[in-house]
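**Student:** What follows is the residue order along each chain.
There are 2 protein chains.
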Amino acid sequence: MNIVIAGLGIIGGSIAKALKKYTDHRLIGINRSRAPIDKALECGAIDQAGDREALRTADMLFLGTYPDASVEFVKDNAPYINKSCIVVDTCGIKSDICPRMNALAEEYGFTFVGFHPMAGKEKNGFDASDADLFLGASSIIIPGKAPDEAVNTLANLTRKIGFGRVVFTTPEEHDRMIAFTSQLPHVLACAYVFSPQCPNHKGFSAGSYRDVSRVANINAELWSELFIENKEPLALEIQTLIDNLTEIKSGIEKGDRRELAELLHRAKVIKEELGE
Amino acid sequence: MNIVIAGLGIIGGSIAKALKKYTDHRLIGINRSRAPIDKALECGAIDQAGDREALRTADMLFLGTYPDASVEFVKDNAPYINKSCIVVDTCGIKSDICPRMNALAEEYGFTFVGFHPMAGKEKNGFDASDADLFLGASSIIIPGKAPDEAVNTLANLTRKIGFGRVVFTTPEEHDRMIAFTSQLPHVLACAYVFSPQCPNHKGFSAGSYRDVSRVANINAELWSELFIENKEPLALEIQTLIDNLTEIKSGIEKGDRRELAELLHRAKVIKEELGE
Chain D
9 MNIVIAGLGI IGGSIAKALK KYTDHRLIGI NRSRAPIDKA LECGAIDQAG DREALRTADM
69 LFLGTYPDAS VEFVKDNAPY INKSCIVVDT CGIKSDICPR MNALAEEYGF TFVGFHPMAG
129 KEKNGFDASD ADLFLGASSI IIPGKAPDEA VNTLANLTRK IGFGRVVFTT PEEHDRMIAF
189 TSQLPHVLAC AYVFSPQCPN HKGFSAGSYR DVSRVANINA ELWSELFIEN KEPLALEIQT
249 LIDNLTEIKS GIEKGDRREL AELLHRAKVI KEELGE
Chain C
9 MNIVIAGLGI IGGSIAKALK KYTDHRLIGI NRSRAPIDKA LECGAIDQAG DREALRTADM
69 LFLGTYPDAS VEFVKDNAPY INKSCIVVDT CGIKSDICPR MNALAEEYGF TFVGFHPMAG
129 KEKNGFDASD ADLFLGASSI IIPGKAPDEA VNTLANLTRK IGFGRVVFTT PEEHDRMIAF
189 TSQLPHVLAC AYVFSPQCPN HKGFSAGSYR DVSRVANINA ELWSELFIEN KEPLALEIQT
249 LIDNLTEIKS GIEKGDRREL AELLHRAKVI KEELGE
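Protein chains in written order, with my numbering: chain D, 9 to 284; chain C, 9 to 284.
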């Protein structure tokens, strides 16, 4: 296939590198600025640099851009997109993105499949990209209105580049789960490091501080967009967390050791039953 | 030195194994139940099993027991403790423990030094102990009323068994910092897994879920004691976290992307400046 990758940040760059490492497809890179293109050419992550003209012969288009920018890119370039092309976003939110993409797909005749590669680092940009970023990770696919064949093409390709499991879901289910599994940890890492004690942590901290605060090193521009475009599910998760924190706080203040131990033990049971 | 270790759980067991690996001191183990003693003898972590009589010739006594149990052990066995012995606890809270230990030390003539090895795992018991658990970790020492010589003996010994840094502090400063660096992450891991979404996380989660939820696999009996004995500083940290979560939640609900990005960027700056 001719595969175009638009947006060579950590995700687009890693997709390019992984496709190059694990498949024989022809890879064309598009990026707003030139530097990532040069780097990708230099390390062989793409076969050539392209522009919208490359979309005319594309069998697949991966969008490694931010959510709104992904829709804008497709809107601006829709007339150039090959009608047999499978357009795939990589956004961390779906209810806001998929319907707009589906409308464009319907209007211009190409196919759209929603995709969320569940992998990342607390670094950004092409320099942070890695051919093995996706090893063992979840490939979340939102088929929407796409034909089975296109969905299978994407699913098989993600397995080939290292994903450990493929999950099919709806935009709403995706956003509700991601609010909990990914967005909430980012919110609370930020809330955590705002404590006045944080700057003095050295010498008093170990693994649990490190783990909770890790993703406070956040890409503020990207995540503020993701948070706001997933407002309701995320606000609900934050409120649930606040309620649960309040319950534990009350238990501590009440000072009944057995009662508090029973509450904490419930968490242990949940965590143990999940196994990971 | 003759070093007695009372309580061969993960901490006491790791101290025994580390002392055996990195020093030539003679090690005597005491434990309420017999199984950990047999395991420790079998793997050579201790030279012999002992009872209170061993305290008469002890140069140092490490307490690997829970906080209240540590005070009880010393109270019950104080008449047996050699007057030149340095008694060292390993509790995760200090304001509640150190004054009671200091009073016993004064009454019976031995020396007490507070100690908190900043290392652990989400597993417990002798089976989880490890000679290299403390490699690079912080050794927090609360000198209190102990003579410099005893404090230095402990500090040097902890460096010898792998600790990467020694921090001297007061019980109050210790408890305030630990509330933030260690207790709060445990509270929020429990609060986090109480979300109704948690049991369905598989396929939707990656590193940030794993990191935040890790310590929800909590020793409920131990931590309920630690939380309640550090009630005020911990309740204050939980409330600070709730306030900061509420601020971010408001920013998300307001929906001003630039304003939210600025707020999140503050977290990134804090985290980056700390470097780790």
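Fair warning: there could be bad hints in the mix.
Same chains, same label: a pair holds when it works inside one copy or across any pair of copies.
To be verified - Derived DSS-like pairs (lysine-lysine); straight-line CA-CA distance at most 27 Å: (1) K83 / K239; (2) K239 / K29; (3) K83 / K153; (4) K131 / K276; (5) K239 / K262; (6) K131 / K239.
Think of the hints as simulated: they come from the structure by calculation, not from any bench.
**Student:** Which of the stated hints cannot be reconciled with the structure, identified by number in ascending sequence?
**Tutor:** Those not satisfied come down to hint 2.
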